[in-house]
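Residue numbers (the working numbering), protein chains in the order written: chain A, 846 to 920; chain B, 62 to 200.
Honestly, I wouldn't trust all of these hints.
Footprint (simulated), chain B over chain A, 3 or more residues, beta carbon under 8 Å [what the hints assert, rightly or not]:
#1 875-884
#2 904-913
Away from chain B, derived, C-beta distances all over 10 Å, residues of chain A [what the hints assert, rightly or not]:
#3 868
#4 899
#5 919
Only some residues are given here: those of chain B computed to face chain A with a beta carbon under 10 Å [as the list claims (entries may be wrong)]:
#6 64
#7 67
#8 94
#9 132
#10 134
#11 198
By construction, these hints were calculated from the structure, which means they are not laboratory data.
The structure displayed is predicted, hence computed values, not measured ones.
Backbone N, C-alpha and C define an ideal beta-carbon position, used for all residues, glycine too.
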Amino acid sequence: MARSGTSIRNQIRTLRFHHGEMTQKELADQIGVTRQTVNAIELGKYSPSLEVAFRISAVFDKPLEEVFQYTPTPK
Amino acid sequence: MNASFEEKSVWIQLLSIVVMLGSYLVIAAPMLANDVTALPPFVPLFIAAVVLMVVMLIAGHIVVAIHSRPEGRDERDQLIEWRAESNSGWVLAVGVLAAVAGLVMSVDNVWIAHVLVLSLFLSTVVRYVLQLVYYRRGV
Numbered sequence: 846m847a848r849s850g851t852s853i854r855n856q857i858r859t860l861r862f863h864h865g866e867m868t869q870k871e872l873a874d875q876i877g878v879t880r881q882t883v884n885a886i887e888l889g890k891y892s893p894s895l896e897v898a899f900r901i902s903a904v905f906d907k908p909l910e911e912v913f914q915y916t917p918t919p920k
Numbered sequence: 062m063n064a065s066f067e068e069k070s071v072w073i074q075l076l077s078i079v080v081m082l083g084s085y086l087v088i089a090a091p092m093l094a095n096d097v098t099a100l101p102p103f104v105p106l107f108i109a110a111v112v113l114m115v116v117m118l119i120a121g122h123i124v125v126a127i128h129s130r131p132e133g134r135d136e137r138d139q140l141i142e143w144r145a146e147s148n149s150g151w152v153l154a155v156g157v158l159a160a161v162a163g164l165v166m167s168v169d170n171v172w173i174a175h176v177l178v179l180s181l182f183l184s185t186v187v188r189y190v191l192q193l194v195y196y197r198r199g200v
């Protein structure tokens, strides 16, 4: 599970491992972003757009909620 | 450096503009201190500083492109740039207001011109610094 500076967590690193140990670069090429952006998403330093989030889910053939989890921050 | 080509490009632009400003001010500041009130003597200095900046930009990007294949700007690069631009605009606004205040108080045009130009370049420096902070800390 990725550490997060935002209220959105993700399982991308785990999913990459279970998909033939996919590299960040391979995932980045499939979803149309840079490797550094994939790294930033995994570390919770960047929340992707809805489109990129859907693309990531499509790569792993998982529902969006299995890839990303939203935890509302207390007001 | 685990940085994208775009981030390295920002570093090059920041370094180039800082060197450009520094090289210009090293010569222009003493001229201003010695009460040079005409603008024309400053023009060739400024042009030379801009040429130096352009040379550094080109050389720097060639070096980086040899070592890092440009991948194009993605949504994160765009967001970082937009947010940095948004958060650095106040520097230029302060400079413009200072210039207007100077005009009202009949300050010499040479100082007005320098306030305007410096605020433009300083706002750009602030923008590049913010971009680098957002790249490292997240956005």
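Checked hints:
1. Coverage of the region 875-884 of chain A by chain B holds. Counting CB-CB distances below 8 Å, 7 residues qualify, and the rule asks for three or more.
2. Residues of the region 904-913 of chain A lying with their CB closer than 8 Å to a CB of chain B number 0, which falls below the three-residue condition for coverage.
3. Against the 10 Å criterion, residue 868/A stays outside the reach of chain B, whose nearest CB is about 14 Å from its own CB.
4. Non-interface call for residue 899/A relative to chain B: holds, since the shortest CB-CB distance, roughly 13 Å, exceeds 10 Å.
5. Non-interface status of residue 919/A relative to chain B is upheld: no Cβ of that chain comes within 10 Å, the nearest being about 21 Å off.
6. Hint status for residue 64/B: holds, given a least beta-carbon distance of 7 Å to chain A, under 10 Å.
7. The restraint placing residue 67/B at the interface with chain A holds, with a minimum CB-CB distance near 8 Å, inside the 10 Å limit.
8. The beta carbon of residue 94/B comes no nearer than 45 Å to any beta carbon in chain A, farther than 10 Å, and the hint placing it at the interface is violated.
9. Below 10 Å, beta-carbon pairs count as interface contacts, and residue 132/B has one with chain A at about 5 Å; its hint therefore holds.
10. The restraint placing residue 134/B at the interface with chain A holds, with a minimum CB-CB distance near 9 Å, inside the 10 Å limit.
11. The closest approach between the C-beta of residue 198/B and any C-beta of chain A is roughly 7 Å, which is under the 10 Å cut-off, so the hint is satisfied.
Comparing the model with each earlier hint shows violations of hints 2 and 8; every other hint is respected.
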